[in-house]
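J.: We have chain P; now place chain W onto it with these hints.
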Amino acid sequence: MAALRTSVGARAGGDLVARPATSERAAAKRETDILLAQELSLDASLKLALLNAPRYQTLYAQLGIAAAEQASSTALTNPVLSAMVRPTSNPAALANLEFGILTSLVDLLKRPARGRAARGVFEAERLSVAADVVAMALTVRTAYVDLVAATNIRDVQKELERAAAASAALAERFHAAGNIPMVRLREEQAAAADAALSLADAEMEAIEARERFALAVGIDASLPWRVPAALPAAPKVPTPAVAGGIEQRLDVQASRAAASAAIGDLKLHSDWRLWREVGLDVSGERDGDGQWAIGPKLELALPLFNQGRPDVARAAAAAVRADHQRASVEQAAAADLRLAQARLGQAERRFVRYRDEIVPLHTEIVDLKLQEYNYMFVGVFEVLTARRAAAASEVGYIGALRDFWKARLGLDAALGGGTALALVNEDIAQ
Amino acid sequence: MIWNRRTVLSSLAGVGVGAGIQSARAQGAAPASVSPGNRGSSGVTTLNGATLPYTIKDGVKEFRLVAQEIEHEFAPGTRVKAWGYNGRTPGPTIEVVEGDRIRVLVTNQLKEHTTIHWHGIFLPNGMDGVGGLTQPHINPGETYVYEFTLRQSGTYMYHPHADEMVQMAMGMMGLFIIHPRDGARAVDRDFAFMLHNWAVHPGTYRPDPAVMTEFDLWTINSKVFPAIEPMVVRTGQRVRIRMANLSMHEHPMHIHGFRMRVTGTDGGPIQESAQWSEVTTLIPVGATRDVEFVADAPGDWAFHCHKSHHTMNAMGHDVPNTIGVNQSDLVPKIAGLLPGYMPMGEAGMAEHQMHAGHMEGPENTMPMMTGIGPFGPLEMGGMFTLIKVRDGIESYQDPGAYKHPSGTLAYRLGGDRRVVTSAPMSPGMKMDHH
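Taken in order, these protein sequences are the chains called P and W. Here the first sequence stands for residues 0 to 429, numbered as in numbering that gives the first Met the number 0. Here the second sequence stands for residues 0 to 433, numbered as in numbering that gives the first Met the number 0.
Don't read these hints as lab results, they were simulated from the structure. Hints are all accurate, no fakes.
Which chain P residues stay away from chain W? Per the calculated CB distances, all over 12 Å, these:
1) Thr31
2) Glu38
3) Gly99
4) Glu124
5) Asp193
6) Leu222
7) Gln340
8) Val351
9) Arg354
10) Asp355
Across the chosen pairs, the derived CB separations fall in these ranges:
11) W:Asn325 / P:Asp355: 35 to 43 Å
12) W:Glu362 / P:Ala331: 51 to 59 Å
13) P:Met203 / W:Asp328: 25 to 33 Å
14) P:Val351 / W:Val129: 54 to 62 Å
15) P:Ala176 / W:Arg78: 37 to 45 Å
16) P:Pro227 / W:Asn325: 37 to 45 Å
17) W:Asp328 / P:Leu214: 38 to 46 Å
18) W:Glu362 / P:Asp355: 19 to 27 Å
Here's a subset of chain P near chain W, in silico, CB distances under 7 Å, partners left out:
19) Ala162
20) Ala168
21) Arg172
22) Phe173
23) Ala176
24) Asn178
25) Ile179
26) Leu369
27) Gln370
28) Glu371
29) Tyr374
30) Met375
31) Val377
32) Gly378
33) Arg386
All values derive from a computational prediction rather than experimental measurement. By construction, the Cβ of each residue, glycine as well, lies at the ideal position given by its N, Cα and C atoms.
Bound conformation, chain P alone:
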């Protein structure tokens, strides 16, 4: 079970912690409080989710059920003890006693094969659960990236709104002084109203992003936890290598395990097609004279009418279906990986263009406009318009940075979630 937890946890970038006991819940609460007291990192967010999100606990329970089912499916059928007392009408004679122990020979002989099949089923379930965990980790990370970006955009929109409001306030002064016509004033005021609305939208988006993140992590959005003002401008680690391709993907592994299990099942049915019921019986009987007769008994269902063909055919069809499903999953996974790579490449080019060209250019334009203003080549409104364009480019940059990080996470997920390098959880090593 510990191995299972580590396997799943490593892929998710954190340890999957069960906390059924009250003492563990208290510990989880303490750890949560410590994490919430600091500015939340992507890493800490995932830890929080593992500690708090009910959905993780559900998955963990699901693994428990799967493990129990595996154990149950490999257990032998208990032998059947039969005992019988038959009193006689002869007072001198003893009562006729009969007992027997019946066990299924087939069950015994099929046990190794059955165990293999059960392990296959469990492996498929384990991988499926792990895939769910990885998907949820992606949800948490994506929500985190969305939240930081939305908060950052809101802050920049505040600047935009301030620039527009300042421009409108100035326009009022110019108009009051008799220096600009009403139409110019109204244009500035309309721009300021638009900017105020955009700010309101950005504020709402930040609120929604906070709620979405809190829900994904399993914490209360109204608590005063906080995230950084901005996403990291450059990735700390290189883009995950895609050399391994789809091999590490959990859905691929799960579909392969399911196909393998189906073949095992088919073999089981095929091997025991004719010998559906073989009973081995040891029974004894005491006659009225007190003599015991003890001997074995073999019960064999003769394959005259049912030779198990339908079961074998079903298992064969299931195996074929499982194999097709595996192929389909592999195909979809390869496409998903290619797309994730393409998305990341595009997102990176876009983000780098914003970072290295668009934002610096707008910043410089504002400086140059201010120089022109200083020498009376342009008016203050033109400088403020440039400032607004610069802020708008910052909004574009933040969006591009957000999309870049999401594409990084997307590629990580497409590779199976095991290479969430930026988010490696030190718990895994423990």
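T.: For chain W alone, coordinates are given in the frame of chain P:
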């Protein structure tokens, strides 16, 4: 032949001609020989300029002009790639005497063809320099020879007559001064300059020839104040100012302290009975005017175009008017968004020159108002210079600021009537000329 001033001077010495002595000297050189056009002086003084030397071959004065791209400075702070002649704009002044036969060898070092038109001068039609009409164009690398005899006197010009709009907008022009053969109309100081306009947009390094009306710089001999040399005169001297206009606008040139007699146009000298006096003389486009006056009042007298925007350097024309707009309480809000923002112009634009010294402006661009005088900022640029009249001077070097005799200076009511001839000024461009 290596052709420079030294060889010209030696050849002149050898020939010993008395007429048309070149005056490539700096303004400060001591008055030396006599030329027919100047009493006690030696020819025309081209402000910030030079007179073109010549050699004499077979009795013909031979000049050489090279059309080329040049590096030109309007004033410290603004340099451009312009076009001109012999390394300068305007090209060197051709100064000759009525009756001279001249030969001008024109070499084209531009990347496009050119010609030279001798503006206002009587000559054979084939020497008139109109590309395509009276001659083939002078292609890059070619040298053309113009040769004619001068049959008039007065103030004229030369300029290209090929891709004319571009080539003149780039600075190609020059003065062509013909002194009368008989030495008539001599003066003590004979100044000459060309008026021009330039589209040198803020932050650029090359004149924009596509501009037709909204120019950035207004120049006297391709310089803007305070880089324009002053006209230094000894009290009592008779002064002539020759003005030629190749810009797109006419210029009402205004003198302070004197009245000018208009003594000549590009039609030649005006006979005395037809001359008139005024303090502002309009110089039409493509025309020249000679004015004369006796500098009988010492002082630093302004001389400038009276179109007030022609005494400013580049400025925006679509800037919202800031006069009467109080922004003081909004400044923190705006400066938060635009660090370094400073509101200006509530009371007027005068503070602009004060701020311009310490606020960053566009590259290669001068403040629109410049110049520091003894009493403060002059708030002038463009077509503005000074006539500096001083008693008994021996040198025409810039004598510095005029010292006003006691009781001759405007004073602040209730203030100190002591004469102040220098005042501590904020940083800014001083009235140096280069």
